[in-house]
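Visitor: Let chain A serve as the given structure and place chain B on it in line with the hints.
Each protein sequence line maps, in turn, to chains A and B. Start counting the first sequence at 1; every next residue gets the next number (my numbering). Start counting the second sequence at 1001; every next residue gets the next number (my numbering).
Please keep in mind that the hints were generated in silico from the structure rather than gathered at the bench. Beta carbons are placed, not taken as given, at the ideal position from N, Cα and C, and that holds for glycine. Just so you know, not all the hints are guaranteed correct.
Stated by the list, open to error - Quick partial rundown of chain A residues pointing at chain B, CB under 10 Å, derived from the structure:
| # | residue |
| --- | --- |
| 1 | G17 |
| 2 | P66 |
| 3 | F92 |
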Amino acid sequence: MRRGDFVLDVAFAAAPGAVLAVLGPNGAGKSTLLRALAGLTPVTAGHVVLDDEVLDDAASGLFVEPADRPVGLVFQSYRLFPHLSVLDNVAFAPRSRGLRRAQSRAVAGRWVDALGLGELADRRPAALSGGQAQRVALARALAGDPGLLLLDEPLSALDARTRLDVQAELRRHLREFDGPTLLVTHDPLEALVLADRLLVVEGGRVVQQGTPAEVASRPATDYVARLVGLNLYEGRIDGDRVVLPGGGWFVVPDHGQHGEVLVAVRPSSVLVSTHRPEGASARNMWAGTVVGLSLLTDRVRLDVEGTPPALVDVTPGSVAELALAPGREIWLSVKATELDVYGRQGT
Amino acid sequence: MTTQVSTGRRRPTRLTPQQRLQRAEGDPTGTRGVPAPMFVPAVIAVLFLVLPLVGLLVKAPWRHLFQVLASQDVTDALRLSLWTASLATVVSVVLGVPLAWLLARTRFPGLALVRALVTLPLVLPPVVGGVALLLAFGREGFVGRYLDQWFGITLPFSTAAVVLAEAFVAMPFLVVTVEGALRSADQGYDEAAATLGASRMTVFRRVTLPMIAPSLAAGAVLCWARALGEFGATIVFAGNLPGVTQTMPLDVYLLLQNDLAAAIAVSLVLLLVSVVVLVALRDRWLRSGPFR
Chain A
1 MRRGDFVLDV AFAAAPGAVL AVLGPNGAGK STLLRALAGL TPVTAGHVVL DDEVLDDAAS
61 GLFVEPADRP VGLVFQSYRL FPHLSVLDNV AFAPRSRGLR RAQSRAVAGR WVDALGLGEL
121 ADRRPAALSG GQAQRVALAR ALAGDPGLLL LDEPLSALDA RTRLDVQAEL RRHLREFDGP
181 TLLVTHDPLE ALVLADRLLV VEGGRVVQQG TPAEVASRPA TDYVARLVGL NLYEGRIDGD
241 RVVLPGGGWF VVPDHGQHGE VLVAVRPSSV LVSTHRPEGA SARNMWAGTV VGLSLLTDRV
301 RLDVEGTPPA LVDVTPGSVA ELALAPGREI WLSVKATELD VYGRQGT
Chain B
1001 MTTQVSTGRR RPTRLTPQQR LQRAEGDPTG TRGVPAPMFV PAVIAVLFLV LPLVGLLVKA
1061 PWRHLFQVLA SQDVTDALRL SLWTASLATV VSVVLGVPLA WLLARTRFPG LALVRALVTL
1121 PLVLPPVVGG VALLLAFGRE GFVGRYLDQW FGITLPFSTA AVVLAEAFVA MPFLVVTVEG
1181 ALRSADQGYD EAAATLGASR MTVFRRVTLP MIAPSLAAGA VLCWARALGE FGATIVFAGN
1241 LPGVTQTMPL DVYLLLQNDL AAAIAVSLVL LLVSVVVLVA LRDRWLRSGP FR
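This is chain A alone, in the form it adopts within the complex (with noise of 0.2 Å):
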């Protein structure tokens, strides 16, 4: 499928309680990608096919409307009908496909009561916290019987506190469902805890899928190292040596690999000294200048210039024990052996 300068050319396998997740930069086209499958923005070029089922192609024309899709989205801020009692949003889509009143009161019930949302049946969505909101919206999607659930950045609108609590429950109901999920998100935490896959978007091509913990362990590009919070270096490697073509040089454990590879290192087995260390086990070896200082709950990270530059994870005490500041000149070591090597694809 394909709009403005944003292409995607995926097939989902269906499998039942799957969980696919695009993940991007903000900007990346994942919206959009969410609308074109929902219906409510037509696709310009390309199709969009569930199932076997065209519902979109721009080549013939054919279009199916969003009210006639077996889709249920998601939304980001959830548009709950805020007239509706929660018991009525859940059971707006039965409604419309054409059941009574009552019979589709009683399959929003169900739904209700499947996600614990029992007591809460009477209330009007702005007596709702941001989760209880979120699993009504949940439900209201899931109450449409859809063969393809969406997310819209199903988190981004919880505070950081109720956001965990939701998270383990998300998953659970995802799980739980019969047809295949599909989120979008900009934040990898919710793309590792709730995905059995993990799509990277970027620029509106596709830079890398595989499991959250291949995309987590071995990014392909840097964008998603930046994501998982990882150093990442393009190199050609020959035996045991990779020359960066930025400069430097890693010397990594021989596996009589040849040719362009990535290396990632984590930022925390870096080790940092204020002078030249004598006689290191470690063969990775280094000057750099701290340019930059940031703290992350119990660490600090250290953004330091040099060739090649990295970001280093130590503790606040060697912060002060080094003293540490930008423009402080140190030296950088890390153990062969911490150092991942792969090829573009993750292999």
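Guide: Just chain B now, kept in the frame of chain A:
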């Protein structure tokens, strides 16, 4: 060496704790006096707008008020006015809401022209509206002729003509109010309803309409109040027949010639209705400023 600019205005004043609080909360009054060129015209404006109404209250025949209002002539006019204004409002809602929706939610060639034309009665002198209605729906009018020939319906100088005249003048108030509400309403809810399987009509009925209900009510009240006070178009198109087309404003006009007390009494009723309408719509009109 530093240069000092003497403004000659560095005179301290005194602020009470209450005035300090007022200023802190952004209320600009306090001790900073209002300049006379602003104050005097403003007071004249208030007097100009309020004094005539006070005159109405002072001159009112309070002792015989109910006696006057209970007269056959006045009760007929009152009943007819309430009845026709309500019917005109129903007509305006039934026709005006779909029109407002079309103007707000669809695009078609000539949309801007249609909007301009249907809101024209807002600024058109009502008498001109009455003449136009007469030319269209009169017995010899280009529509009225066929109504007469085919269905035997004659509109002018009937109660139906009153309703038509009132709807003609008042409907734009409803259309403008509802269209504004539809424009500012969050269409995200309509999208949500669509993804839940609702047809466009169902979306309107179950989502859009309930969400603009307060604006619709306000528009209807406005429309009703305007219809109740309609004079020009009514007297031209419907005439002034007691019990048939003589609404309260027409009655007031007639009573002024021979029974001033009664004219004032009926005017008071219309004033009371206006005050009630203002109170009903106070949330929309009186809270426009930052201070309540």
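Visitor: Indicate, hint by hint, whether the structure satisfies it.
Guide: Verification of the supplied hints:
| no. | hint | verdict |
| --- | --- | --- |
| 1 | G17 | violated (21 Å) |
| 2 | P66 | holds (4 Å) |
| 3 | F92 | holds (5 Å) |
In the structure shown, a violation is registered for the earlier hint numbered 1 alone.
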